[in-house]
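> Construct the complete structure from the given sequences, taking the supplied hints into account.
Residue 1 is where the sequence shown starts when you use the UniProt record's numbering, and the numbers rise one by one after that.
It should be emphasised that the hints constitute simulated quantities derived from the structure, not laboratory data. Hints are not guaranteed to be accurate.
What the hints assert, rightly or not - Derived pair list, reagent style SDA-like, types lysine to any residue, alpha-carbon separation capped at 20 Å:
no. : residue 1 : residue 2
1   : Lys77     : Val65
2   : Lys258    : Pro218
3   : Lys32     : Lys205
4   : Lys7      : Glu47
5   : Lys205    : Thr120
6   : Lys177    : Arg294
7   : Lys7      : Asn60
8   : Lys9      : Asn27
9   : Lys246    : Glu220
10  : Lys258    : Arg229
11  : Lys148    : Arg75
12  : Lys58     : Gly81
13  : Lys177    : Thr295
14  : Lys246    : Leu193
15  : Lys266    : Thr280
16  : Lys177    : Tyr143
17  : Lys108    : Arg91
18  : Lys238    : Pro218
19  : Lys26     : Met299
20  : Lys177    : Lys205
21  : Lys246    : Arg230
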Amino acid sequence: MNKEVIKNKLMDVIAAERILCDEPMKNHISFKVGGPADFLVVPESCEEFINVLACCRKNNVPFYVMGNGTNLLVRDKGYRGVMIKTRQLCRIMVEDTSISAEPGSLLKDVAQAALEGCLTGMEFASGIPGSLGGAVVMNAGAYDGEMKDIIRSIEVVTENGEILELPIEKCRMGYRKSIVQENPWFVTGVNLLLRKGDYNTIKAKMDDLNERRRSKQPLEYPSAGSTFRRPEGYFAGKLVQDCGFKGYCVGGAQVSEKHSGFVINKDNATADDIITLIQTIQKKVKQDYGVDMRTEVIMIGE
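This is how it looks when you write it as structure tokens:
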């Protein structure tokens, strides 16, 4: 199926102005690298999102669903198919101790809504740069918390277009995993259960965690956050540093001198620079310590 036919199919379910053709993905991911996607579509409602998914599936068009692009690496030749960006699905509703939000909501915005409602429990997520949907899929966590600690239930759309509401007990959430990863499902809504707290206490904790993040992490450079998952019994950054990679460069990509757990885009890196550096680290750590370094970063494209 050629691009014109695909575009016409997409225009049946989403307005033409929200369909971008040959869109450079470096403009949409935090690493600031990546070639063009054939199409990038930006639905403005969950209904549109579900209709775009159904359109792609019905017409056998490859697709990938992204949130804020903060744990994503698109290769230099881009993505052949449809990138679906959920960033506009960002409604947040606070009621008593519950927050209901759409998957494209930024974690910092949900945390801010919690603060304004004097709700505690989400402070840990206030500095994580990703979207709520992605955070659910990966059971994102930082400092003293994980998403599974505050989720009451999630709503997903299945491969058949069925909407399911799953209580936390059925979400099978563990370290950087959830039931959503095990199935061809996508998050369409999240219900959080927090606790009443004191505004000033909540704000002080958020400010403290965010200052710790700024002081320890290379936030001044494009990256995808922590590059590697924590291997059991080890700290990823320490393994990288102990193997001599602190400050090590491949092209414009570098292991941060501030925190060895971060690969950064130091100087106009290509996606290939970043991937080569990651693979070099993985090979050396395996050789020296027998440890498989799995990435937090998801790599797609060609």
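> Would you mind marking each hint as holding or not holding in the structure?
Evaluation of the provided hints:
1. Between Lys77 and Val65 the CA atoms are separated by roughly 18 Å; this keeps the pair inside 20 Å, and the hint holds.
2. Under the criterion of a C-alpha separation no larger than 20 Å, the hint pairing Lys258 with Pro218 is consistent with the structure, at around 6 Å.
3. Simply put, Lys32 and Lys205 have alpha-carbon atoms about 30 Å apart, too far for the 20 Å limit, and the pair is violated.
4. At roughly 19 Å between alpha-carbon atoms, Lys7 and Glu47 fall within 20 Å of each other, so this suggested pair holds.
5. Of the pairs offered as hints, the one joining Lys205 and Thr120 holds, with about 10 Å between alpha carbons and a cut-off of 20 Å not exceeded.
6. Simply put, Lys177 and Arg294 have alpha-carbon atoms about 13 Å apart, close enough for the 20 Å limit, and the pair holds.
7. Annotation: proposed proximity of Lys7 to Asn60 holds, straight-line Cα distance about 13 Å (limit 20 Å).
8. Distance hint between Lys9 and Asn27 is unfulfilled; the C-alpha atoms sit about 25 Å from each other, more than 20 Å.
9. Straight-line distance between C-alpha atoms of Lys246 and Glu220 comes to about 17 Å, which keeps the hinted pair within the 20 Å bound.
10. For the suggested pair Lys258 and Arg229, the alpha carbons sit about 18 Å apart, so the restraint of at most 20 Å is met.
11. Proposed proximity of Lys148 and Arg75 is contradicted: the alpha carbons are some 31 Å apart, above 20 Å.
12. Restraint check for Lys58 and Gly81: satisfied, since their Cα atoms lie roughly 14 Å apart, inside the 20 Å limit.
13. Of the supplied pair hints, the one linking Lys177 and Thr295 holds, its CA atoms being roughly 13 Å apart against a limit of 20 Å.
14. Pair hint Lys246 plus Leu193 does not hold up; C-alpha atoms about 40 Å apart against a cutoff of 20 Å.
15. For the hint linking Lys266 to Thr280, the alpha-carbon distance of about 17 Å falls within 20 Å, and the restraint holds.
16. Restraint check: the Cα-Cα separation between Lys177 and Tyr143 comes to about 17 Å, which is no more than 20 Å; the hinted pair holds.
17. Among the hinted pairs, Lys108 with Arg91 is consistent with the structure: their alpha-carbon atoms are about 13 Å apart, no more than 20 Å.
18. As the CA atoms of Lys238 and Pro218 are separated by approximately 16 Å, the hinted pair is consistent with the 20 Å bound.
19. Of the supplied pair hints, the one linking Lys26 and Met299 holds, its CA atoms being roughly 13 Å apart against a limit of 20 Å.
20. For the suggested pair Lys177 and Lys205, the alpha carbons sit about 26 Å apart, so the restraint of at most 20 Å is broken.
21. Under the criterion of a C-alpha separation no larger than 20 Å, the hint pairing Lys246 with Arg230 is consistent with the structure, at around 17 Å.
Hint compliance for this structure: hints 3, 8, 11, 14, 20 are broken, all remaining hints hold.
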